[in-house]
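J.: Top line first, the protein sequences correspond to chains G and U.
Per my numbering, the very first residue in the first sequence carries number 1; after that it's consecutive.
Per my numbering, the very first residue in the second sequence carries number 1; after that it's consecutive.
Simulated from the structure, these hints should not be mistaken for lab results.
Don't take every hint at face value.
DSS-like mimics (lysine-lysine), calculated; alpha carbons at most 27 Å apart, straight line [said to hold, decoys possible]:
1) U:386 to U:173
2) U:15 to G:43
3) U:5 to G:44
4) U:173 to U:201
Computed from a prediction, not measured in an experiment: that's the story for all the values here.
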Amino acid sequence: MNMIQALNSAMDTMLERDPNVLIFGEDVGYFGGVFRATEGLQKKYGVTRCFDTPIGEGGIIATAVGMGAYGLRPVVEIQFADYIYPAFDQLVSEAARLRYRSAGDFSAAMTVRTPYGGGIFGGQTHSQSPEAIFTHVTGLKTVVPSTPYDAKGLLISAIEDDDPVIFLEPKRIYNGPFNGRHDQPVVPWSKHPASEVPEGYYTVPLGRANIVRPGEKMTVLAYGTMVYVALTAAEASGIDAEVIDLRTLLPVDIETIVTSVEKTGRCVIIHEATRTSGYGAELSALVQEHCFYHLEAPIERVTGWDTPYPHAFEWEYFPGPERVTAAMRRVLEG
Amino acid sequence: MKNRKPLSLRVPQPKHRPGDSPDFTGLVVPEAGSVRRPDIGVRPHDIADLAYSLIRVLDSSHRAVGPWDPRLDPDTLRRGLVSMLLTRAYDDRMYRAQRQGRTSFYMKSTGEEAVATAASYALERDDMCFPSYRQQGILIARGYPLFKMMCQVYSNPADPLKGRQLPIMYSAKDHGFFSISGNLGTQFPQAVGWAMASAYKGDDRIAASWVGEGTTAEGDFHHACTFAAVYRAPVILNVVNNQWAISSFSGIAGGDDSTFASRAIGYGLPGLRVDGNDFLAVYAATQWAAERARSNLGATLIELYTYRVEGHSTSDDPSRYRPQDEAKAWPLGDPIERLKNHLIQLGEWDEERHQAAHKDAVEQVRASDREASALGTLGQAKPSIKTMFEDVYKDMPWHIRKQRQEMGF
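Chain G on its own, in the form it takes in the complex (with noise of 0.2 Å):
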């Protein structure tokens, strides 16, 4: 299965399973949505279990506050998260403080899942990647898959879990693993081992980084398309790197992190978003408390600059391999 696919399969399962679980979203429907992501679904399941909302992503996620407060499992779907916005709201003083306030006498159980991050040109409105401005609200928990086979079994877990999470998919691969090198054709999912899914039900745990590609002198840490850049990186420089795809940021696996910097004394921290309080910065910060001692160089960030993304430099503002090997050339040598 592509990643799209596997998104689909998990809903399927957990609507097949769960009568709690209904779908809803602009354009999902009888449309399928914009990426396909709940193509036939609503055919399966019928116009209540997945349906087309108003465009109001307000009143998407503020509904689904209110359905999880009953008792459902709303897994609701903002087409871009660079559409999330106007949800803010609802997402930040609401869904995230709905436990805490009403100390446990009230919660909503919703996933919001949400396309993001560019390499599409795209242009500013649909290129965005703003997974840092929901690690920074606590109550929310975010996630970020990076394979067909995580996608489904990350989206399951975050479906059955009680407390609200963003579910951030890297739309860029949606069809195969892009690695940055934006010249050469991207491989499809279909070469690629995690696109063998399992059809029923399984699930990957929240909070569970996984290390992709086990190295001795540095750790990178990335999440969603950059883990493919990290490999490409750590292939192309021949630095025997440690690469962490971190699939949950909040809450984080902090344990896999620290071991792994514990052994290697050497940290790259990438991603696609801005740099400037950047989820990085976070990084950078739990490693720097943790592995004071074991550092043997600064640790570096490589990422998208402090620009809304333009649509014409779509490659110049990406961090593609060629910067990730530089940064990780200067910590090896710091």
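Use these hints to put chain U onto chain G, whose structure you have.
T.: Here is chain U on its own, set in the frame of chain G:
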């Protein structure tokens, strides 16, 4: 309690899906000329019926009839027609450019040309427009160079927006055209703010904004209507009801039990519902609302009833969710054909002149494209990379300067 019937969840569905024959026989279309034209000083409350009717001027024999006939001279009508022809030719050319891989994205306004064009003619040149992504007709009607529009679509070195924006997200302050956002509805309350500023300064300019019927579900729509009503802002709030929001029919936006014009009533605004494919009706309604705004009487909400003939964008395939020939069955016709037939009926136009005007429009577009393409299409040539770091702030802070240096500039 126990004897009550269980509740059920209603999810509205369109009447027709792919494979069905489109059928608009249930659609109530009032006769052209049948809707009264109130004085601009009317209390919104007293014209609530207009929000449920449909203002039409052109009748089935192509005559302009009734109180809403703006009585435009033939020259203005011909200029309006030519603007619409140019808009359609431009759309066709840019759509093909996307299909040929010369740009990443495009959005056509086919069938909705009158919405933007007629409004432009009814507004003053220095009134500020806050459009959505489907009112390229405003720029064209106001004489903005096609060449510059194309350079924007190609993100080439002559792109006035320096390659930063998705194609069609134009910005042209000197043509009264506010920067287009990709996020829906954000411009609607901003137009109200601009209008409030004009009122505050004792200016005589007004603002106009456009959203699709789908976007009325965003909170920004409510903010716009509330603020416009409270401050009696000199603004025209247009809802372009083209029946489809990507794959969602207008019922998903709340349009199957009510009209979008009627949203105005609760806010205390006048709401006009207008045949959006009738150039004269759009002109007349805009003119009425503009006069009202300029007379310090406040805002008007106008629903422009039309049909999105093409896909939402080049990323869309409407045959997956609506009958293929639905556009052909649309009972309110084509805005270009209707205005053309009206001019012919007046004895001010003929087929020959129309064909010549069409050819001329296509040729103008082709010539501009040659000029723009010569400077590069997407990926071939782009503005200086250095400019990527400019305009985030007025003055570049140290951290962005450092990032620019990292890139080698």
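J.: Would you mind marking each hint as holding or not holding in the structure?
T.: Verification of the supplied hints:
no.	hint	verdict
1	U:386 to U:173	holds, 24 Å
2	U:15 to G:43	holds, 16 Å
3	U:5 to G:44	holds, 26 Å
4	U:173 to U:201	holds, 19 Å
Going down the numbered hints, you'll see the structure goes against none, and every one checks out.
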